[in-house]
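*Asks:* Chain by chain, the residues run as shown.
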Amino acid sequence: MAVSDNDIINIARDWKNNGRKVAIATVIQTWGSAPRGVGSKLLIDDLGNFEGSVSGGCVEGAVIGEAADLFKTGKPKILEYGVSNEMAWEVGLACGGTIKVYLAELD
Amino acid sequence: MKKKTLDEIISKQVERKSLAHIINTENGDEFIFANGKKTDYPELDKEIIDCIRFDRSKLVQIDNKSFFIDVYNPPLKLLIIGAVHIAQHLINFANNLNFDCILIDPREGFANKERFADVEIYNNWPDEVLPEIVIDERTAVVTLTHDPKIDDVALDYVLDKSCFYIGSLGSKKTHNARVERLSKKHSGKKLAEIHGPIGLDIGARSPAEIALSIVSEMISKLRL
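Chains as they are written, first to last, in the numbering used here: chain A, 1 to 107; chain B, 1 to 224.
Don't read these hints as lab results, they were simulated from the structure. Please note: incorrect hints may appear among the correct ones.
[Said to hold, decoys possible] Just the calculated beta-carbon pair ranges, DEER-fashion:
#1 B:Asn-176 / A:Leu-47: 52 to 62 angstroms
#2 A:Asn-18 / B:Gly-188: 47 to 57 angstroms
#3 B:Asp-40 / A:Lys-77: 38 to 48 angstroms
#4 A:Ile-78 / B:His-146: 52 to 62 angstroms
#5 A:Ala-68 / B:Leu-200: 21 to 31 angstroms
#6 B:Arg-56 / A:Asp-7: 12 to 22 angstroms
#7 A:Gly-74 / B:Asn-95: 33 to 43 angstroms
#8 A:Lys-77 / B:Gly-188: 54 to 64 angstroms
In this text, a Cβ means the ideal position worked out from N, Cα and C, and glycines have one as well.
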């Protein structure tokens with residue numbers, strides 16, 4: 001079954017109860033046409049598993065990478081992603097929007 | 001987020017209580033705002049109350065601080081009266097949309113676990129069971145039997161509640177007759193809230209397509 005935002009918090013609790021490290025990425029602001037609304041969530045664990053989304057799949061990879069750092073430092077951070085850069089390896093939103101994501105560990 | 005905070009959010013969801021999770025995005029401080037609790041900033045209180053009412057999360061700047069207001073409203077609920085073919089598809093769609101679904105039909109041949117595996121079933125007349133169910137502004141009601149003995153009883157009860165959507169299956173003629181019967185107890189304004197014929201007009205033919213038109217209309221009522 002598809003995962004909706006109400007389920008996300010239940011999954012977060014299950015993962016945490018199973019002893020995994022859990023990071024929660026939340027869209028806190030959007031400009032222009034962003035695929036997921038404010039409040040949308042992506043969960044990441046310390047093995048790189050993830051559920052939910054903060055975009056249409058464009059920046060999830062980057063957020064998952066940031067979560068690995070977060071598990072080392074424990075420090076919440078704000079990530080911002082904008083329009084795709086011409087450089088193919090640059091992370092960006094093809095839709096032309098910009099999103100701000102708050103990433104913090106569930107502790 | 002603290003695990004304790006997450007547990008509190010989940011327990012409030014189960015109790016069908018609205019709340020907001022507030023995060024200071026600069027230092028990670030967080031707290032839960034519920035039941036008319038106050039913060040140190042009246043301006044923030046007002047923003048939070050608006051966010052909960054409009055079911056929208058939001059980042060706000062107050063007193064040179066950034067607060068993220070994350071709204072958790074209770075899960076959406078769908079009451080279906082009539083365990084007919086359309087109901088099977090409607091429940092599939094609604095489950096995917098994360099509605100808590102409840103199916104009511106006194107006819108055990110229609111409403112049973114064999115035909116409906118993924119839903120809470122009540123083999124009762126609507127007036128027997130509806131008073132036991134919380135029906136609020138996060139609740140949609142759909143009647144599908146066409147049978148006035150079952151549908152009218154349910155409509156009569158839910159018209160006095162604050163459901164965000166009420167829809168009834170049936171042609172224009174059936175619906176007009178239904179409105180006529182219910183007008184003995186309900187105002188024309190109230191009765192105009194019933195969506196009938198039910199669903200967005202997408203030219204639906206099959207039971208699954210009709211179910212799709214119904215959930216589409218429900219969501220449009222919720223979001224537009």
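*Asks:* So, against the hints stated earlier in the document, which numbers end up violated here?
*Replies:* Of the numbered hints given earlier, those the structure breaks are 3 and 5, listed in rising order.
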